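If you follow the hints, you should be able to join the two separate chains into one complex; please do so.
In case you want the letters, here they are:
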Amino acid sequence: MAVQDYIRKRFFPHLWCQGCGHGIVLNSLIRAIEELGIRKNDLVMVSGIGCSSRITGYVDVHTLHTLHGRALAFATGVKMSRPELRVIVPMGDGDALAIGGNHFIHSARRNIDMTALVMNNQIYGMTGGQFSPLSGPGVKATTAPFGNIDHGFDVVKLATAAGASFVARTTTYHVHQMISILKEAISHKGFSVVEIMSQCPTYFGRKNKLGGAVDMLDYFKSHTTAKGSDAHKKDPLMIERGIFVKEDRPEYCSDYDMLVKELQLKGDA
Amino acid sequence: MDDNVRFLQGNDVCVQAALYAGLEFFAGYPITPSTEIAENLAYHLPRQGGKFIQMEDEIASMCAIIGASLTGRKVMTATSGPGFSLMQESLGFAIMAEIPCVIVNVQRGGPSTGLPTGPSQGDVLQARWGTHGDHAIIVLTASNHQDVFRMTVDAFNLAETYRTPVILLLDEVIGHMREKVILPEKGAIPVVDRLRTSVKAGIDYHPYLPREDGRLPMSDFGGEHRYHVTGLFHDMWGFPTTNPKIVHGLLRHLNDKIKNNISDINRMKEYFIDDARTILISYGSSARSALHVVHNRRARGERIGLLELQTLWPFPYTQVAEKCEKARQIVVVEMNMGQVLLQVKRAVSRPERVMLANRIDGVFITPTDIRNILRLIHGKGV
Ligand code: SF4
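So the protein lines, in turn, are chains H and Z.
Under the working numbering, the first residue of the first sequence carries the number 1, and numbering increases by one thereafter.
Under the working numbering, the first residue of the second sequence carries the number 1, and numbering increases by one thereafter.
Errors might be hidden in some of the hints.
[To be verified] If you want the footprint, here are the derived chain H segments under chain Z, 3+ residues with CB under 8 Å: (1) 36-46; (2) 71-78; (3) 100-110; (4) 224-236; (5) 255-266.
Simulated from the structure, these hints should not be mistaken for laboratory data.
Everything numeric in this text was worked out from a predicted model, so none of it was measured.
A virtual CB, placed ideally from N, CA and C, is assigned to each residue, including glycine.
The shape of chain Z in the complex, shown without the other chains (with noise of 0.2 Å):
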């Protein structure tokens, strides 16, 4: 049990995470703050029989996952904010083309090259929307190593189930801290494993003939069935077709093998919501100093609550609203200006009692700062 604790880097212990869940391939680029996992990966992957490729840039990475991921294996890039923008085409075609594959993204600040080395939370958005088209998208945040090891995994899970491209929004702060992490041992997390279709060699196999539950079974390129995959709308051969009934069948069934499944893809943290008049809700490194700020106020006997959120999308509107029906205030503590601040008050009946608790200076929020603007909402200065 011992030899399984560790004092890792967040980066380094969602390496560890991608490997138990069975990751065989990585193409990246480097790039500031995620390079230690292409690091890691170039010297973990080659000693397990894995493959690991450093691309000419972002969008090639980006390609080969996808090419990797059709013949078969799980694959995964890590990037940044500059290399996050690069790659918003290709993954518009792993989403076009159901082709599942993991996407780390460690924040940095933005827009353009930004602050290459300071914590921010400015990508929530564009990993919903950075790609063009309307289209539906997992992305997963984690708070704290032990959750970055879990989300890794689940990142995996998810993406062979629902065959899409997730995304692992982590930022500066997990990519770089230390902290004590226990490595599960094997098994004790479930690992997911892609569905293959039963169609027998000769017979027809339809790539893109959604079954009754709406999943399709994929078949490896290299395998008994060869078919064509491409970006463009296409019908159950995968071949391009224009057919408006067919399009627009494809454009709903992308959109809603996600959102049907919101309960399944759905992971959220709850501290002292029950009784809560104020309600924190908060994601990746800004949940560290929020719930601390919690801790010390439950302890004063203040009713505050955590609401911790690990899937940013698709965005638990439904599940938010329930949590925060009775709270008087409810806020959203993030390092952006205000990404997750407009889906709570989308979620809520009330919008006016949702605040935002922010920094986008390029320093970690701190309890502090929290507890300075709880001050202010409550009118007490600071």
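Just chain H, same shape as in the assembly (with noise of 0.2 Å):
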């Protein structure tokens, strides 16, 4: 199947400013999805609220829409369901870890199997400029007028230390890195994070003079490395991408399907 083929263009053209990150995941998604060769009519996608999270509208697979923070919740119900389905997660990174940072943790605990993707702007981009939980020290954001005092998340940690299988990191200008790694992610069985550090250069960029879209992305190849690098251990404030964890550990709906099994074997259903 084409790439153009996994798009509803009736909706197009798409919400997001020229130079957003977000339409580069979308794109590095479908070309993912269609390499996996998964049939559309097997895939869910659910998102929450957030300029990130409008990707479920202009992908021709079954897509839910939700509430802010909550998209992994609905998600839940989908693949508890119907575990045959697969389900894609795509959030923000204040959607997926300040509103949604709870069942963001028990999803990973769980480790229901569904593929979480953070994009992550360090930005509320939709509501124009304020900080988020992955902004960090320093910025500048509308909330945060003289510099932002707030850490921020490591989501690599985060998801590890919640118990997700699969957790990766990867950016927007590393596209190739990118469908490798969402191909992996998604073949995953069990909970599998994805952060994609992408840019918004209307709020996140323009707040913190980092320049328009193709500067922002040379930053991200400027001060990212491969996981392990040498390059890291000359100067580890060189964020690491590539695949932390990738481990197989028993997945929610398998293990609920077997207690079902069991109990209809004991002749006790």
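What follows is the structure, given as structure tokens:
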């Protein structure tokens, strides 16, 4: 199937600003799905609220655009009800980890088979540029006009500690890596988390004087490095990209099915 | 037949009825006094191949049942005051996206953590208006276990018929009290299944284009039709829009589909209404005490009757007005500060005839409480 066949052309043009990283994520995500050969009818995408969450409207699969922060909880209902469906949950940083933080850690703890994308642009775009739990200290935002004093999460560490069985990080500059990581994450059985550093030139870029979209992509290129690379050893401030966790662990829906089968074998049903 | 006679808690009856109605998916979070519903379903659902999941909070529980409903399951959650408050946002989503689901609220004393084990009927208006924005909602209640069974099945039937959340508003007394119940044979109570689209694969399916009768046939997530579901105002494709005409039309549709069907949705029981000079209006566990008073006083020749409401929302204003037309006094019996009283006053032609017999101290309202208030109303002192 061609990449265009995964798109709902009827709803274009999309609402993202010029240069926004979310379009790159949409493109890479569709390429990953297409390369994996997943049938459109077998795929459900569930999102919350924010610029990033509008991604579901443009993809021709079963799509559910929910409430701010709650995408993973809705997705859990979908997956638990129909484990044979693949579930992908694209979220923004505020969506996934501020208002949705509780659902994030509990989904990871259950190791329920779905793929959570954290499209991390370190800002609330849709509401006009407030700091998020991934902004970190020093960042300027409309709600941090004198510089942010709020510390940020490390998505990779948080997801790992909460029990996600696949954890990775990439950026919108590293499109090929993004596609290959997304393919692995979607194929992984269990809760997979992919942090995608993405640019919001309109608010994060402008507020923090980072230039336009191209400058921000350049920043991802020069300030990140492959996991475990020499560059990181030399400069620990370089952000690592790659797959950090990939483990086979009992998955929630499979365990539930096993429980049902055991009960039926016992003739207890 | 004898096999079907049980001695159960109201919460257990609700579980039996939900399974009878075809419940396949439950998500919930422990909270007194509704917890037995989750506990019972954790036992029964996996044994029948159904799904039970304990979520991280009530917000997630409500979200999970909406997700599961979209895949074609009959779904339910159960909670009480604080949890019900947490569910309000996603309740609004289910209203907006027209997702069938049943929410049981076994009421306890509020506000806040209030009285976890004390009876109250303080959530009547919250059930109506708890979530933001103009909307309609169906709320059912019951005063005895036979009716809990029936109303639970009806809650599922109405949810599927009108593509809407239905709230089953029980209270602590009904939830925890044990009494006899006869579990109906299969087929004795009609069970409504979801209306699914007949549009074939490959042909455009419009998830939000109502048929002439206002109904919207559904298509299961995972099925042949792929479409978008959102809590934003949306067009017939389910895609977000701010087009004023479409916004207006959708808001009207969401309200009219309930409002225009009150006669189908309304359920009430009446006892000795025809010649009654005094009419008690009550619902839920309070109606038990009210009925006791009516029986006692009728035995002494007093012209008193009871109108028991089982559909609280949409409120049956016209029906209540008709029944109360000839009454000299109308006394609303409830365990709150007059939430149904307000509606009855709005319904009847002479609101000054409507009075309140209530209790708000976390103690069940007894026949003696009602009798004392009736004596005061009649100028006889306590
Ligand atoms: S505001 Fe920022 S995140 Fe939102 S669409 Fe524009 S660039 Fe993208």
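Structure-based check of all given hints:
1. 36-46: holds (count 5)
2. 71-78: holds (count 6)
3. 100-110: Holds, because 3 residues of the region 100-110 of chain H bring their Cβ atoms closer than 8 Å to Cβ atoms of chain Z.
4. 224-236: violated (count 0)
5. 255-266: holds (count 5)
Hint 4 from the earlier list is the only one contradicted by this structure; the remaining hints agree with it.
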